[in-house]
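Asker: Chain residues, written in single-letter form:
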Amino acid sequence: MPTDTKRVRGPEVSQSPSLFLCKNAVKKSTASNDARVDGRQRGQVDVRSVFVRCGLISQAKGSAYIEAGNTKLICCVYGPRETERKDETDMKSGRLITDMRFAPFSCRERGSWIQGSDEKDLSLMLLESLRPGVCLQKYPRSQIEVNVMVLENDGAVLAHAVTCASMALADAGIEMYDLVLGCSIRQEGATYLIDPTFLEENGYNLASGSRENLGSLTVAFLPSLNQISGLQSDGEMGEDTLTGDVRTCIEGCFKLYPVIQQALSKAVRRKAPPSES
Amino acid sequence: MATVQVSEAEKVYILHGVRDDLRVDGRGCEDYRHMEIETDMVSNTDGSAKVTLGHTDVLVGVKAEMGKPRPMVPDEVHCCFAWKFEGRGGDELGMELSNTLYKVFNNRYSVDLKSLCISRGEHCWVLYVDVLLLQCDGNLFDAISVAIKAALFNTKIPKVHISEDEEGGKEIELSDDPYDCMRLNVENVPCIVTLCKVGHRHVVDATLQEKACSVASLIISVTHKGTVTCVRKVGGGSLDPESIFEMTETGKRVGKALHAPLMELLQEEESLGKKRQKVGFLG
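The listed protein sequences correspond, in order, to chains R and U. So for the first sequence, the UniProt record's numbering puts the first residue at 1; every next one is plus one. So for the second sequence, the UniProt record's numbering puts the first residue at 1; every next one is plus one.
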């Protein structure tokens with residue numbers, strides 16, 4: 001673990017009290033019935049309702065905040081700025097730089113301020129998901145920086161980060177082919193849970209049985225162009241389950257699209273109110 | 001990924017060839033290059049394998065050490081992946097490789113992690129899988145996954161006994177016989193197939209030139225039963241959902257077909273025992 005020299009450190013070794021939690025006290029998950037803990041249904045395209053707002057951070061070129069259930073993310077976009085690396089051979093198009101970080105208090109166990117390898121992996125996935133949507137050839141020799149900060153992690157973080165980042169890019173006036181929306185799904189046996197919470201993502205229902213088809217999937221989608229720009233799955237799944245889940249995620253993205261469009265048009269109207277004639 | 005510059009004329013040539021199922025080196029769209037595998041090359045490791053796929057050269061060494069299990073899962077062992085490159089630009093590539101490999105193998109069914117527990121909550125085996133890239137000629141993930149499977153097959157973990165002292169302290173005893181060891185069950189270890197979208201078709205085992213012509217690739221890891229453990233899209237372009245479904249189907253078919261000959265080959269090599277001629281690095 002890299003040591004952190006910039007901050008006043010606490011004790012060397014400390015453990016979260018949740019490790020000592022009695023195993024019986026952990027809730028018995030609702031095995032048989034269809035309802036999930038927050039009242040949504042299994043096996044249906046029931047994404048959490050989102051609250052989105054653009055233009056919160058005045059110092060950034062564009063910014064967006066998204067809240068879905070208890071997951072809260074904020075994103076800022078800076079640029080286009082002149083690129084720092086002069087040895088770039090391909091100067092015909094711009095560069096997109098993404099950075100995704102978790103606040104230390106965002107997850108159940110305290111994280112550290114220094115970026116771990118999974119944060120770097122998520123930043124890379126975010127970059128790959130956003131790049132097809134941005135018209136980078138209109139910004140030669142420039143770089144656009146996208147910074148996402150997760151304030152509270154309650155599941156489906158990458159999916160909401162993609163949505164938040166594309167809203168922030170649109171708010172910054174960066175030219176894009178289409179909005180990139182993200183959707184996450186958790187497959188458990190025969191049913192799926194769309195837009196899972198943190199507990200749903202990490203726990204699993206042993207009662208619902210088999211080892212078959214247990215995994216999660218995140219899809220980043222461009223709705224008007226019908227293109228998938230990002231796909232990541234893990235866990236063990238059969239191929240047709242995977243195909244079905246991708247289609248379900250696409251449906252989830254279509255459900256989210258009008259909300260995001262409305263929030264963006266409100267933000268634009270606030271920034272540049274239509275002239276009174 | 002390491003890239004090579006390709007001219008427009010060359011790109012058109014490659015695209016038209018792939019469209020007619022004929023690649024530059026004469027292969028079909030779903031054919032692999034010539035692959036050579038050798039295990040047990042490095043005597044200081046617990047298991048090692050070297051895979052040569054075309055000009056891509058990968059060496060994997062596995063070392064088993066005793067350590068403490070993670071507090072959240074007291075009866076399972078964990079795997080750590082490490083990578084090493086020389087020269088600049090290797091950092092991002094290495095990180096991408098090790099993160100994807102971790103996702104592929106972190107699945108609880110790939111390696112039987114419970115069999116590597118020594119005493120619950122206190123001691124377990126930690127497997128360090130070190131991947132050394134000797135030469136890169138495209139298609140790193142496939143070569144690395146085959147090498148990891150071969151190295152894990154070859155891994156011999158010594159048997160340990162825990163004995164209790166009078167005061168209740170635990171003593172760990174290693175058996176004296178160097179051949180008294182346990183082997184890992186690598187039946188469920190997945191193999192990775194990388195499919196690159198070139199034009200309207202996709203190719204398996206792309207060379208660097210073909211990679212330069214493709215907008216996006218899909219990395220699929222498939223077990224011998226045909227279940228898909230990890231799917232990931234890489235590259236700066238976007239893919240149609242229909243293409244993704246086609247590529248997943250192809251990847252599953254190709255991946256499933258890769259396992260049986262690989263296991264046969266590894267078992268044949270093992271059965272040769274002392275009679276085996278070691279080729280080594282310069283062969």
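If you are wondering where the hints come from, they were derived from the structure by calculation, not from laboratory data. Worth double-checking, as some hints may not be accurate.
Label pairs and their calculated CB-CB ranges [claimed, not checked]:
1. R:Gln59 with U:Arg253: 15 to 25 Å
2. R:Asp118 with U:Glu270: 50 to 60 Å
3. R:Asp118 with U:Val4: 23 to 33 Å
4. R:Leu199 with U:Lys225: 45 to 55 Å
5. U:Gly236 with R:Val259: 37 to 47 Å
6. U:Glu65 with R:Leu19: 16 to 26 Å
7. U:Leu22 with R:Asp118: 53 to 63 Å
We put the CB at the ideal spot given by N, CA and C, even for glycine.
Asker: If a hint holds in the structure, say so; if it doesn't, say that too.
Answerer: Status of each hint after checking the structure:
1. At roughly 52 Å, the beta-carbon separation of R:Gln59 and U:Arg253 lies outside the given 15 to 25 Å, and the hint is violated.
2. Between R:Asp118 and U:Glu270 the beta carbons are some 36 Å apart, a value that contradicts the proposed interval 50 to 60 Å.
3. Checked against the hint of 23 to 33 Å, the C-beta distance between R:Asp118 and U:Val4 comes to roughly 31 Å, which is consistent with it.
4. Taking the beta carbon of each, R:Leu199 and U:Lys225 are about 29 Å apart, not inside 45 to 55 Å as hinted.
5. The beta-carbon spacing between U:Gly236 and R:Val259, approximately 28 Å, falls outside the hinted interval of 37 to 47 Å.
6. The supplied range of 16 to 26 Å is met by U:Glu65 and R:Leu19, whose beta-carbon atoms lie about 24 Å from each other.
7. Take U:Leu22 and R:Asp118: their Cβ atoms lie about 42 Å apart, and the range 53 to 63 Å is violated.
Hints 1, 2, 4, 5, 7, counting from the list given before, are not met by this structure.
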